[in-house]
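Engineer: What follows is each chain in one-letter form.
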Amino acid sequence: MKRRDFIKTGALLAGALSLPSIAKSFTPAELVTGSSLAIITNDADAAAALAQSFFAKTGASERLKYEEFDLTGEFLGDIVFVDKGKLVNFRSEHDQKSGLLAEISSKLGLPAKLTNPKFVRFLSVADTSDENKSIRIFSNNSLVKEIKLNNELVTFSVEGAQGASEFQLSKAGIKVVGAPCGHKTCMKLGTASIAGESLVCIPNRVRAVVYGAQSSLFDAISH
Amino acid sequence: MAQDTTLLYEVNASKNLIGTVVDVKVFAGDIQKAKKSLYLAFREIERIDSLLAWQIPSSEISRINDAAGKAPVKISFETFSILKRSVQYSVLSSGIFDVTIGPLTQLWGFNGDEEPSDVPQVNKIDSCKQLVNFRNLTLNEKDTTAFLQRKGMSIDLGGIGKGYAIDRASDILKKYGFTSFLFNAGGDILVSGMKNENQKWVIGIKHPRNEGKLIGSVEIADLAIATSGDYERYFEKNSVRYHHIIDPRTGFPAIGSTSVSVVAESSEKSDALATILFITHGDSSPSAPDYLIIDANLTLHFSPKFKSKYLFVQE
Numbered sequence: 000m001k002r003r004d005f006i007k008t009g010a011l012l013a014g015a016l017s018l019p020s021i022a023k024s025f026t027p028a029e030l031v032t033g034s035s036l037a038i039i040t041n042d043a044d045a046a047a048a049l050a051q052s053f054f055a056k057t058g059a060s061e062r063l064k065y066e067e068f069d070l071t072g073e074f075l076g077d078i079v080f081v082d083k084g085k086l087v088n089f090r091s092e093h094d095q096k097s098g099l100l101a102e103i104s105s106k107l108g109l110p111a112k113l114t115n116p117k118f119v120r121f122l123s124v125a126d127t128s129d130e131n132k133s134i135r136i137f138s139n140n141s142l143v144k145e146i147k148l149n150n151e152l153v154t155f156s157v158e159g160a161q162g163a164s165e166f167q168l169s170k171a172g173i174k175v176v177g178a179p180c181g182h183k184t185c186m187k188l189g190t191a192s193i194a195g196e197s198l199v200c201i202p203n204r205v206r207a208v209v210y211g212a213q214s215s216l217f218d219a220i221s222h
Numbered sequence: 000m001a002q003d004t005t006l007l008y009e010v011n012a013s014k015n016l017i018g019t020v021v022d023v024k025v026f027a028g029d030i031q032k033a034k035k036s037l038y039l040a041f042r043e044i045e046r047i048d049s050l051l052a053w054q055i056p057s058s059e060i061s062r063i064n065d066a067a068g069k070a071p072v073k074i075s076f077e078t079f080s081i082l083k084r085s086v087q088y089s090v091l092s093s094g095i096f097d098v099t100i101g102p103l104t105q106l107w108g109f110n111g112d113e114e115p116s117d118v119p120q121v122n123k124i125d126s127c128k129q130l131v132n133f134r135n136l137t138l139n140e141k142d143t144t145a146f147l148q149r150k151g152m153s154i155d156l157g158g159i160g161k162g163y164a165i166d167r168a169s170d171i172l173k174k175y176g177f178t179s180f181l182f183n184a185g186g187d188i189l190v191s192g193m194k195n196e197n198q199k200w201v202i203g204i205k206h207p208r209n210e211g212k213l214i215g216s217v218e219i220a221d222l223a224i225a226t227s228g229d230y231e232r233y234f235e236k237n238s239v240r241y242h243h244i245i246d247p248r249t250g251f252p253a254i255g256s257t258s259v260s261v262v263a264e265s266s267e268k269s270d271a272l273a274t275i276l277f278i279t280h281g282d283s284s285p286s287a288p289d290y291l292i293i294d295a296n297l298t299l300h301f302s303p304k305f306k307s308k309y310l311f312v313q314e
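First to last, the protein sequences are chains A and B.
Throughout the first sequence, residue numbering follows numbering that gives the first Met the number 0, covering 0 to 222 in sequence.
Throughout the second sequence, residue numbering follows numbering that gives the first Met the number 0, covering 0 to 314 in sequence.
Bound-form chain B, shown alone (with noise of 0.2 Å):
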């Protein structure tokens, strides 16, 4: 196999995708190898790409948006399936993390082409949460079928579809052979392997307030870590800070947090629990998972075992 060669090189590539930039570093003997594979890995991030985004027109995502209130629409097995496990997390964070986001994310605009500047009038906020539930999305596993039971809901993949789509592209690389990879999307990063054998791979976590600043690092292997942050999609009004976090128990975005970075197994479920803990704060359960919380304060607050697990060293 390449990897057994004594040479490794790092082949570094990076691409649009998914809305944000994807940049992949692998290490490989066989350099065309590698090439080859990214190559691969990228358009499977396209190809989940256009099941899942809702801005797609064509997506199986749209497909159910604009079925809402009218008919199921039969979609995919592995569309079900993401949509499947999106329900799972909505049930464990009680509504927190709700896949059925969708209208008061539209509401708030931080997804769109225009910068928004306004805060939107609270008899509409109160007219979008009121679509938001996702026990109103009926998943049917016989015929795999998903259906929006009121018009206007629409379902927002924002908090986990970059996650999944990461975690498909590394299984990929897998097999094609390779076994020391870090994929980072806009952000959220998952790490196979080590970086060398001797060495994790270490993660700068961005400091939330600090521009140009760490507030800390971590080492993990055959890991992801995902942050959530207030920082860079926000806009302020009357010296209040507005950001895309959006706590569908308010409608408004979530307040109390500056930035949560978790650490997770896959990339799927550290974008998902870091957008849940942005909203609750912490998590005091024996399966808490290992994150770090920026509060307002710019306190840190650890779970337990993270500081020492993943060797945090603070800037």
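Isolated chain A, as found in the complex (with noise of 0.2 Å):
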């Protein structure tokens, strides 16, 4: 796979790999903007130490926000930083930060194929702008989707413990528009479309989560 491909399924997301058909319908390179470093590893804890010691040694001093989600399924592990906005081919440049990625990298033995990997990811607080609203869909605590929030009316639905969960995408946000539990609460939560908000089926152990500026702006949401 080449690399450019990886970004577009390996990291954002990674759900694409297993549901190849429903990725095509997003446009998840848009996804990328701002600073961000992610790796899909069998071993989170190897990869986090390594990625602090990493920003420790190229002089970050801004707070980053540090994300771990279970992936379920064969993924392509590999390590992606987007610095500014610009993707780093480390394995090909020859400066300070590339270096120490592909130490890296080979400290972590990626690339390589990896089941039921881990999905860690830094990113700067202020990458990401409301025009880059974005839905993460959880199944049984595995994040299985990202996607962009755009003008499509989508439907697609998510497998949990019980069934399927139906979700429909639209510019207004996402809803639950059919559940596989007895009381379907999750279905009477309406449409989320403010970062940090989220839709839960507890029963079903399915959640969908707005992410984007806002979630900058709000910490949580009461309701």
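Calculated from the structure, these hints are not laboratory results.
Fair warning: this is a prediction, and the values are worked out from it, not measured in the lab.
Be aware that a few hints might be false.
Claimed, not checked - Taking lysine-lysine and the DSSO-like style, the derived pairs with C-alpha atoms no more than 27 Å apart in a straight line are:
| id | chain 1 | residue 1 | chain 2 | residue 2 |
| --- | --- | --- | --- | --- |
| 1 | B | K14 | A | K147 |
| 2 | A | K64 | B | K212 |
| 3 | B | K128 | B | K150 |
| 4 | B | K174 | A | K64 |
| 5 | B | K173 | B | K83 |
| 6 | B | K32 | A | K56 |
| 7 | B | K32 | A | K64 |
| 8 | B | K212 | A | K147 |
| 9 | B | K35 | A | K106 |
| 10 | B | K212 | A | K187 |
| 11 | B | K236 | A | K187 |
| 12 | A | K64 | B | K34 |
| 13 | A | K112 | A | K85 |
Assemble the dimeric complex from its two separately framed chains, guided by the hints.
Structural biologist: Structure representation (structure tokens):
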């Protein structure tokens, strides 16, 4: 797989490899803005420690958001570093950052084909703009999709513990339009569109979270 | 200490717990240490749930419920203490907050596996209502036993248990040296410290009727906020909305409020007071908590200093 393909599918996301037909509907590359370091690995602890060392050595000074998710299925494990919107091809470049990233990649044994790996990501809080609002879908605590909120009306389903949860994505946001559980509270939660808002189906263990610039405006939403 | 390093990471974690999703963000210099501490904090929430959830057959609350009308049950000091505090809220609210609400909440079925779609029969509501009375919960301090005096009575700590669990999880993070973090348990939020040296945590409050909108936001530090609303767990019948916050005086869902947010020094307190104020629609006493009540006409009512104290901004 070419590195650019990895950017589109591996890092953002990930679920694209196990859900190729759905992935075609979206333009995940647009989500890559600002600076971020994403690693798909079997050893999240080692990746986080190595990344912290990388940020210390390269003089990072702003606060960075750290996220770690489980992925389910087969994935290409690798490192993607986007520096101020520019993809750093660390395997062919020779600056300090590239050298350090190549070292991390080697220590983690990447690239490699991995089963049920961890997805580790560092990004600056300012990296997401409102135009880049996205939805993350989790099933049983695993991140299965990350999709951009755009003008298209899209429906899709995500398998959970009890069956398929049906989602509808539109410009207005995301809503649950079908749920296999008994009480269907998730369908009454309406449309989620504010960054930080989430729709949760507890019995089916499926969750959709809106992610974007307002995450830095509002730290949480009380409801 | 890790927090003394210049570069801080905002470490995010989520877990399905206590019938909701608990999201945590903690500012840490050492990600590994934060992850280990978060694991222990989540484990603490699971431990408390295993003591207090009536849905878990082996919990201490289930044991008390099973022995209703039969015999006192020996319980841990921790469960005893939370029951004692629950009774204090009952006394303070003249029974509007009642920890023995179980028969009514189970009759309405909002916490069950199936979606409730019909109003229970009035005679059933009446008979369940007769069983709801915190004065018939005997707490014996000498041997830490709890006894529900009448068969059919049951305790439901839904109005306080989640808040308590979050308070204890917060203590775990503090014990491991973290000072700046946020817990969000399905909209019940507790923050520790400031988000950074200049900025408090900014919490949006959901609009009770406009999907995807906020009614406003507040700024808080070292405090908790809980919101009780009629807009998530409900059904409609003949154009009437029936929701999950039951008024023990009537046996029916409380009317008059659509959303109540309370800011308090602990998550337990904000959780309990939000339920109480949802039913009472306000508190004019000098010791009134800090609240925002949105009534049935969507008019906002604030406790005297709420807006200025928490820099409330209306959306």
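Engineer: Flag every earlier hint the structure violates by its number, smallest first.
Structural biologist: No numbers; nothing is violated.
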